[in-house]
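Let's have the full structure, built from the sequences with the hints guiding it.
2 protein chains.
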Amino acid sequence: MKIILLLSGGLDSTTLLYEMHRKHQVIGSLSFDYGAKHNHKELPMASWHSKKLGVSHTVIPMAFMNDFFKSDLLKSGGSIPEGHYEAANMKQTVVPARNAIMLSIAAGFAESQGAEAVAYGAHTGDHTIYRDCREEFLKPMAEALREGTDGAIELLRPFITMNKAAIVKYGAALGVDYEHTWSCYKGENLHCGSCGTCVERHEAFLLAGVPDPTVYQVHHYE
Amino acid sequence: MKIILLLSGGLDSTTLLYEMHRKHQVIGSLSFDYGAKHNHKELPMASWHSKKLGVSHTVIPMAFMNDFFKSDLLKSGGSIPEGHYEAANMKQTVVPARNAIMLSIAAGFAESQGAEAVAYGAHTGDHTIYRDCREEFLKPMAEALREGTDGAIELLRPFITMNKAAIVKYGAALGVDYEHTWSCYKGENLHCGSCGTCVERHEAFLLAGVPDPTVYQVHHYE
Numbered sequence: 084m085k086i087i088l089l090l091s092g093g094l095d096s097t098t099l100l101y102e103m104h105r106k107h108q109v110i111g112s113l114s115f116d117y118g119a120k121h122n123h124k125e126l127p128m129a130s131w132h133s134k135k136l137g138v139s140h141t142v143i144p145m146a147f148m149n150d151f152f153k154s155d156l157l158k159s160g161g162s163i164p165e166g167h168y169e170a171a172n173m174k175q176t177v178v179p180a181r182n183a184i185m186l187s188i189a190a191g192f193a194e195s196q197g198a199e200a201v202a203y204g205a206h207t208g209d210h211t212i213y214r215d216c217r218e219e220f221l222k223p224m225a226e227a228l229r230e231g232t233d234g235a236i237e238l239l240r241p242f243i244t245m246n247k248a249a250i251v252k253y254g255a256a257l258g259v260d261y262e263h264t265w266s267c268y269k270g271e272n273l274h275c276g277s278c279g280t281c282v283e284r285h286e287a288f289l290l291a292g293v294p295d296p297t298v299y300q301v302h303h304y305e
Numbered sequence: 084m085k086i087i088l089l090l091s092g093g094l095d096s097t098t099l100l101y102e103m104h105r106k107h108q109v110i111g112s113l114s115f116d117y118g119a120k121h122n123h124k125e126l127p128m129a130s131w132h133s134k135k136l137g138v139s140h141t142v143i144p145m146a147f148m149n150d151f152f153k154s155d156l157l158k159s160g161g162s163i164p165e166g167h168y169e170a171a172n173m174k175q176t177v178v179p180a181r182n183a184i185m186l187s188i189a190a191g192f193a194e195s196q197g198a199e200a201v202a203y204g205a206h207t208g209d210h211t212i213y214r215d216c217r218e219e220f221l222k223p224m225a226e227a228l229r230e231g232t233d234g235a236i237e238l239l240r241p242f243i244t245m246n247k248a249a250i251v252k253y254g255a256a257l258g259v260d261y262e263h264t265w266s267c268y269k270g271e272n273l274h275c276g277s278c279g280t281c282v283e284r285h286e287a288f289l290l291a292g293v294p295d296p297t298v299y300q301v302h303h304y305e
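As given, the protein sequences belong to chains Y and Z, one line each in that order.
Just remember that the numbering used here sits 83 ahead of the position in the first sequence, which is counted from 1.
Just remember that the numbering used here sits 83 ahead of the position in the second sequence, which is counted from 1.
Bear in mind the hints are in silico, worked out from the structure with no lab data behind them.
This structure is a prediction, so every number in the text was calculated from the model and none was measured.
Among these hints, one or two may not hold up.
Identical copies carry no separate label here, and so any pair may be met within one copy or between two of them.
With a Cα cut of at most 30 Å, we get these calculated DSS-like pairs of lysine-lysine [what the hints assert, rightly or not]:
no., residue 1, residue 2
1, K252, K153
2, K135, K153
3, K158, K106
4, K252, K158
5, K252, K135
6, K153, K134
7, K269, K106
8, K106, K174
9, K153, K106
10, K135, K269
11, K124, K85
12, K134, K174
13, K85, K269
14, K222, K85
15, K174, K222
16, K153, K85
17, K85, K174
18, K158, K85
19, K153, K222
20, K174, K135
21, K222, K135
Below is the structure:
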């Protein structure tokens, strides 16, 4: 099956890249430069793994999201909150309709390239605050994209029943080099270790029993 | 209800602007500069009507669609075919997943602006070749956007049971100035009169019994 893969450069989508590359023909990986504070840190990671596997990597510039959308994840927004990923204050990092936008663009890009499916790394650990990572959203979205492309494009979400720790365990067995992935929403030189995504990242390695190769600024949560 | 309205500057969305302005609080109109051959002709029309009604008009730049998507509607594509709008050769003017992309961006923009709904002028005359104008697509899309925004954004499509002639008749009664609208896909100085959208435009005026104010290059189809 010919696949276009959404690749952020984080743990989940990077693992998905290797999994899809094993099972299908990944004709391209797709990233988005949408004004997130950490885009300049995660995009080179997406590029690194794509190059390693010989997969063509495209970055879609979407400056309008930073200009017109309200979210603390964006450069135009406030500070990234610290604490656990599930905490209510992480809600201010939601970018309205972000994944619907990314999946729609991926579907149009995929159809234009002659692909048959878009693959997306959503998983069970994508929490209630991130509504557009959940199956309640993804099921009608998949149907809309299928209908809207006259059946040309399917939306694959093979990790939807796995949690982040299971994904890391699976990826480690596949030999994924997680040193070249980025999670931290702050986008500073090193992973901060304090924001929700850093906490969740380190927890996933701990639960998976896989050594965490990440250098964090602080480790106060252990 | 606070509304963000998708406004192309064509007959349908312009009529919808006046209809929504009458019934709701239109807090913004949204257009997309996506590399279509006729964007430079239709966007000023969208701006003209927004200004007339005192509605804030935003144009989202989406050059990436022209760069990466395959369609003869785009500057990067081939010539616009002539003939009837329903003819098979018009299929090459479909831009893959275009409306899913526009609706998703509108939903995120709307949530960011504190709106409660996105209004979209799809109608029964949006033919089988344009799959992403039809209710089979719009119903799951509406559900995906509702779920993805945690119930914040509804997708309104009040013209979905009307045809283009009925819309023009309705708009004429509302006093919409159709001279300031643009349909032609070719995007030349005047409406060509020969492409599918020009044929459909003129037919709508004829069937509605409303004088067509458009100056066409040719009128060979009458």
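Against the structure, the hints:
1. K252 / K153: So K252 and K153 fail the 30 Å test inside a copy (35 Å) and across (39 Å) alike.
2. K135 / K153: For K135 and K153, the Cα distance is within 30 Å only across copies (28 Å; inside one copy 35 Å).
3. K158 / K106: neither (37 Å within a copy, 36 Å between copies)
4. K252 / K158: Intra 33 Å, inter 47 Å, cutoff 30 Å: neither.
5. K252 / K135: For K252 and K135, only the intra-copy Cα distance (21 Å) is at most 30 Å; the inter-copy one is 59 Å.
6. K153 / K134: between (33 Å within a copy, 25 Å between copies)
7. K269 / K106: So K269 and K106 fail the 30 Å test inside a copy (34 Å) and across (43 Å) alike.
8. K106 / K174: Answer is neither; intra-copy 35 Å and inter-copy 33 Å both fail.
9. K153 / K106: between (38 Å within a copy, 27 Å between copies)
10. K135 / K269: Only inside one copy: K135 and K269 sit 26 Å apart there, 43 Å across copies, limit 30 Å.
11. K124 / K85: The answer is within: 28 Å in one copy meets 30 Å, while 37 Å across copies does not.
12. K134 / K174: The answer is neither: 34 Å in one copy and 35 Å across copies each exceed 30 Å.
13. K85 / K269: Neither: 34 Å inside a copy, 33 Å across copies.
14. K222 / K85: Classified as both: same-chain Cα gap 21 Å, cross-chain 28 Å, threshold 30 Å.
15. K174 / K222: Cα proximity of K174 and K222: in one copy and across copies (22 Å, 27 Å).
16. K153 / K85: between (35 Å within a copy, 17 Å between copies)
17. K85 / K174: between (35 Å within a copy, 23 Å between copies)
18. K158 / K85: Between. Shortest inter-copy distance 27 Å satisfies the 30 Å Cα cut-off; intra-copy 35 Å does not.
19. K153 / K222: both (26 Å within a copy, 26 Å between copies)
20. K174 / K135: So K174 and K135 fail the 30 Å test inside a copy (35 Å) and across (38 Å) alike.
21. K222 / K135: The answer is neither: 32 Å in one copy and 41 Å across copies each exceed 30 Å.
In summary, the numbered hints that this structure violates are 1, 3, 4, 7, 8, 12, 13, 20, 21.
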